[in-house]
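First to last, the protein sequences are chains A and B. So in this note's numbering the end of the first sequence lands on 577, straight run, no missing numbers. So in this note's numbering the end of the second sequence lands on 187, straight run, no missing numbers.
Since the hints were derived computationally from the structure, they do not count as laboratory data. Careful: at least some of the hints might be erroneous.
Sample of chain B residues with no beta-carbon within 10 angstroms of chain A, all distances over it, derived [stated by the list, open to error]: (1) Leu55; (2) Gly59; (3) Glu74; (4) Arg92.
Examples of chain B residues lying across from chain A (beta carbon under 7 angstroms, computed) [stated by the list, open to error]: (5) Leu20; (6) Leu21; (7) Gly23; (8) Tyr28; (9) Pro47; (10) Val50; (11) Leu96; (12) Trp110; (13) Ala138; (14) Ala139; (15) Ala155; (16) Pro157; (17) Pro158.
Some chain B residues well away from chain A (every beta-carbon gap over 10 angstroms; in silico) [to be verified]: (18) Arg10; (19) Asp12; (20) Val27; (21) Gly31; (22) Arg40; (23) Gly49; (24) Asp52; (25) Leu87; (26) Arg111; (27) Ser112; (28) Gly115; (29) Leu119; (30) Gly152.
Positions of the beta carbon are idealized from the N, C-alpha and C atoms, including for glycine.
Here is how the chains run, residue by residue.
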Amino acid sequence: MTGEDEDYDVVIAGAGVNGALIAKHLTRAGLRVLVLEAGPATALSFDGYWRHPDHCYAATSKGPESTWPPAVGAPRPEVADIRSGTGYIASGGPDKYGNSYPRAQGGPTLHWPGVCLRMLPEDFQLRTRFGVGHDWPLAYADLEPYYRRAEHEIGVAADVADQAHHGIEFPDGYDYPMHRIPLSFSDQVLADTIDGMRVSLGGESFALRVRSNPAWRNSIPRRDGNTSCTPICPIEAKYNAGKTLAQADRGNLRLLAQAVVSKVRVDPASGMVEGIEYQRYADPGSPRHTTGVARGRAYVLAAHAVENARILLASGLGRGDTLIGKGLIDHPALCAWGLSPVPVGAYRGPLSTAGIEDLRGGAFRARHAAFRFDIGNDGWRATTGAPDTSVADAVTRQGLYGTRLRDHLAATLPRHVRFSIAIEQLRSQANTVTIDPRYLDALGNPRPVISYHIDDYTTAGMAAAAEVCAQVFEQAGITDCTDPEAGTWFPSVSRDGRVFRYHGMGHFAGTHVMGRRAWESVVDTDQRSWEHRNLYVVGSGSFPTMGTSSPALTTAALALRTAEQMTVTVGTLIKAF
Amino acid sequence: MSTAEPVADRLDRFVVMSALLTGFGPVYLLGTGMADGYLRATDAALPAGVLDELLDAFGRLGTGPAGPGGTDLETAAGQAILGDAKLGPVARNVILLWYRGSWTALGEEWRSAYGASPLDTDHLVSAEAYQAGLQWVAAGPHPAPPRQYGYGAWAFPPARRTGRAPGTASVKLPRRSGAPHAPERVP
Chain A
1 MTGEDEDYDV
11 VIAGAGVNGA
21 LIAKHLTRAG
31 LRVLVLEAGP
41 ATALSFDGYW
51 RHPDHCYAAT
61 SKGPESTWPP
71 AVGAPRPEVA
81 DIRSGTGYIA
91 SGGPDKYGNS
101 YPRAQGGPTL
111 HWPGVCLRML
121 PEDFQLRTRF
131 GVGHDWPLAY
141 ADLEPYYRRA
151 EHEIGVAADV
161 ADQAHHGIEF
171 PDGYDYPMHR
181 IPLSFSDQVL
191 ADTIDGMRVS
201 LGGESFALRV
211 RSNPAWRNSI
221 PRRDGNTSCT
231 PICPIEAKYN
241 AGKTLAQADR
251 GNLRLLAQAV
261 VSKVRVDPAS
271 GMVEGIEYQR
281 YADPGSPRHT
291 TGVARGRAYV
301 LAAHAVENAR
311 ILLASGLGRG
321 DTLIGKGLID
331 HPALCAWGLS
341 PVPVGAYRGP
351 LSTAGIEDLR
361 GGAFRARHAA
371 FRFDIGNDGW
381 RATTGAPDTS
391 VADAVTRQGL
401 YGTRLRDHLA
411 ATLPRHVRFS
421 IAIEQLRSQA
431 NTVTIDPRYL
441 DALGNPRPVI
451 SYHIDDYTTA
461 GMAAAAEVCA
471 QVFEQAGITD
481 CTDPEAGTWF
491 PSVSRDGRVF
501 RYHGMGHFAG
511 THVMGRRAWE
521 SVVDTDQRSW
531 EHRNLYVVGS
541 GSFPTMGTSS
551 PALTTAALAL
561 RTAEQMTVTV
571 GTLIKAF
Chain B
1 MSTAEPVADR
11 LDRFVVMSAL
21 LTGFGPVYLL
31 GTGMADGYLR
41 ATDAALPAGV
51 LDELLDAFGR
61 LGTGPAGPGG
71 TDLETAAGQA
81 ILGDAKLGPV
91 ARNVILLWYR
101 GSWTALGEEW
111 RSAYGASPLD
121 TDHLVSAEAY
131 QAGLQWVAAG
141 PHPAPPRQYG
151 YGAWAFPPAR
161 RTGRAPGTAS
171 VKLPRRSGAP
181 HAPERVP
């Protein structure tokens, strides 16, 4: 070991939203906290933030990770690598897992669209209500106060009246901290034609409605319609975890970037964690590094659902039949794109300002997955690479130029419509994050190996979603232009001879599941490891189910709940030792 | 039809040609601030002399006799240049450059027939080029993202249903010989 050893009250691995929220509250409670971030640092103030967008604009590919420079010591999945079957994540099949995540200070909040839905009360009771999947060891009511706190921490823009559906309840007098984001013109045109239309799922009838998205902002600069929420919001109008880190008690916080956690050291006698080994690199372009051990009274893995599992497994933790890494869930999503009969002003505004939430719950969940429509304002950008590809098609294939080219683009681009339909997935032991000594990164750390299978419950949901989507297109007079072959990469899955093309939403979850009893879970309801009582493993990896909501708000609510428990528990540990 | 004065300024000739190719007026194109950079990027990505050949071909369009009923320059450009095996692909690349901010590598067939520059690769010219892409303006009255145009502006209909931005007139060039810049027709 060449690095200096340090002692803290709490050592946190990961400076994403979970690590940031926990660090903020523990430092404010007077605890001394070290945060180790595997990736490079990012700006904590708007002064420094300005350098980030330029890096993205200059990149040839505008993929989600384009803004953030890669680091040899903390490699990350890149969308292009996943397509080619190479790169950081090794695929164990059978289905493709087309997802990426950044490794940098801020985590996935660096490039997310910022939709922050609460889970439905029924999502917490899938087994009890529908006889499928699992129940959470917590009820919606247990988490509700933390949802409210998370919405205020992060600065969610929404109206209670829009969000109270499917039994989602708010206490009397509650309001979100920021006004809702105006619906895009595109949303309004769609609402004019489809609000109130009825669709049937397994004999149950549902009325559809275009509903405003709750959006994470917490921003002084207002959203200004850059249409660039991913890869990066150029004016930092959108929340990222750096805003929370900046609110920590900086006197009690040490933030160490470019410090890769390689191993959690456990005392074999007590089972308690006694240190976290890390590798520090000075140059992101080189694998040269020094090593160190960080010590605390308590430890938090907040490194990402995949990374948490990977670190635990690389540390040799978990017994033969361990649940660590087992039960990965996500939202395989169908995409549909078309031409509206009228200009809807595509390519303007935040990437998405509305969705259709009505099919996220219902009795049909006994038979197939629920689903949620996200309505894009970004035209066909995500699905075909438009407008670049539309221009190339017009110029190269159609031979257009001059005023005819410009008129053609003006007549078509503003009519581009895109839906992404996130489909629910249930926990399955077939979906795993494992490690394999054959797959190591430049620092010698094992890379994640992901085995992924989309089961019949989810493909039946895909079939239902595709049917509803066709009805919505017809009702709205939208010409379906969906063509996965011509689009950006969409792997396929088959059911009853029908092929569905999907893409990942980056909603990794379920890899260190929470439960009431040690034998059926990795962490308890405080996200505290059953086996190592001074270790907390936090994030969407703790989710037993995810329903159809993006995981960010629920993970933030859980992190706040864990921070609250830790201020008590760690205080006790300090007194005890 | 008088003979045109030779246009001394190569940049002007590039802009006039670009206006014809893109459907955006020369004043608008100059206003993007990208013209000089695009001229240099195009030169760098082509074998020596090819861009001058293209500029000369465009220069000749304005000096020939007017066809019956006055064939407009745009149609004439299509007949004389866009269909040409050597100059057509280069002209299309200039269009893509203005609309997308990126140079597109010419095909292998073209390169083996006419020569190759080592800089003839798929590449974005600069961060500014991405933002200045004409595609964003063609899509509607949006100054290229990521640029702000006001909180909540996305809630309003596109300013014109045709998506044509104000102040960027059609560039149907009048047949005037020796005119390096076609006058803007402001709608």
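Structure-based check of all given hints:
Consistency note on Leu55(B): stated as away from chain A, and its beta-carbon is indeed over 10 angstroms from all of that chain's, at 16 angstroms minimum. With a closest Cβ-Cβ approach of about 17 angstroms to chain A, Gly59(B) is found to remain outside the 10 angstroms limit, as its non-interface label requires. Glu74(B), annotated as away from the interface, has a beta carbon of chain A within 10 angstroms; the closest lies near 4 angstroms. Look at Arg92(B): its CB is around 5 angstroms from the nearest CB on chain A, not clear of 10 angstroms, so calling it non-interface is violated.
A cut of 7 angstroms between beta carbons decides the hint on Leu20(B): the least distance to chain A is about 6 angstroms, and the hint holds. A distance limit of 7 angstroms between C-beta atoms decides the matter here; for Leu21(B) the minimum to chain A is near 5 angstroms, and the interface restraint holds. At about 3 angstroms, the closest approach between the beta carbon of Gly23(B) and any beta carbon in chain A falls short of 7 angstroms, and the interface hint on this residue holds. For Tyr28(B), the shortest C-beta to C-beta distance to chain A is roughly 11 angstroms, which exceeds 7 angstroms, and the interface hint is violated.
Among the interface hints, the one on Pro47(B) is violated; its C-beta lies about 21 angstroms from the nearest C-beta in chain A, farther than the 7 angstroms criterion. With its C-beta approaching chain A no nearer than about 18 angstroms, Val50(B) sits outside the 7 angstroms limit, and its interface hint is violated. Using the Cβ-Cβ criterion of 7 angstroms, the hint placing Leu96(B) at the interface with chain A is satisfied: the shortest such distance is roughly 6 angstroms. Hint status for Trp110(B) relative to chain A: violated, with the closest Cβ pair at about 13 angstroms, above 7 angstroms.
With its C-beta approaching chain A no nearer than about 4 angstroms, Ala138(B) sits inside the 7 angstroms limit, and its interface hint holds. Because the beta carbon of Ala139(B) sits about 4 angstroms from the nearest beta carbon in chain A, less than 7 angstroms, this interface hint is met. Taken as an interface hint, Ala155(B) checks out: its beta carbon lies about 4 angstroms from the nearest beta carbon of chain A, inside 7 angstroms. Interface restraint check for Pro157(B): the shortest CB-CB distance to chain A comes to about 5 angstroms, inside 7 angstroms, so the restraint holds.
The restraint placing Pro158(B) at the interface with chain A holds, with a minimum CB-CB distance near 4 angstroms, inside the 7 angstroms limit. At roughly 21 angstroms from the closest C-beta of chain A, the C-beta of Arg10(B) stays outside 10 angstroms, upholding its exclusion from the interface. Once the 10 angstroms rule is applied to beta carbons, Asp12(B) is consistent with being away from chain A; the minimum gap is 18 angstroms. Non-interface call for Val27(B) relative to chain A: holds, since the shortest CB-CB distance, roughly 15 angstroms, exceeds 10 angstroms.
Residue placement check: Gly31(B) keeps its beta carbon more than 10 angstroms from all beta carbons of chain A (closest about 16 angstroms). Residue placement check: Arg40(B) keeps its beta carbon more than 10 angstroms from all beta carbons of chain A (closest about 17 angstroms). Taking the minimum C-beta to C-beta distance to chain A, about 23 angstroms, the non-interface status of Gly49(B) holds against the 10 angstroms cut. With a least CB separation of 20 angstroms from chain A, Asp52(B) remains clear of the 10 angstroms interface cut-off, as annotated.
The beta carbon of Leu87(B) sits about 13 angstroms from the closest Cβ of chain A, which is more than 10 angstroms, so the claim that it is off the interface holds. Even its closest Cβ contact with chain A, about 16 angstroms, leaves Arg111(B) beyond 10 angstroms, as expected for a residue assigned away from the interface. No beta-carbon of chain A comes within 10 angstroms of the beta-carbon of Ser112(B); the shortest separation is about 19 angstroms. Every C-beta of chain A lies more than 10 angstroms from that of Gly115(B), the closest at about 21 angstroms, which supports listing it as non-interface.
Against chain A, the non-interface label of Leu119(B) holds: every CB pair exceeds 10 angstroms, the least being about 14 angstroms. Once the 10 angstroms rule is applied to beta carbons, Gly152(B) is inconsistent with being away from chain A; the minimum gap is 4 angstroms.
When the structure is compared with the earlier hints, violations turn up for hints 3, 4, 8, 9, 10, 12 and 30 and for no others.
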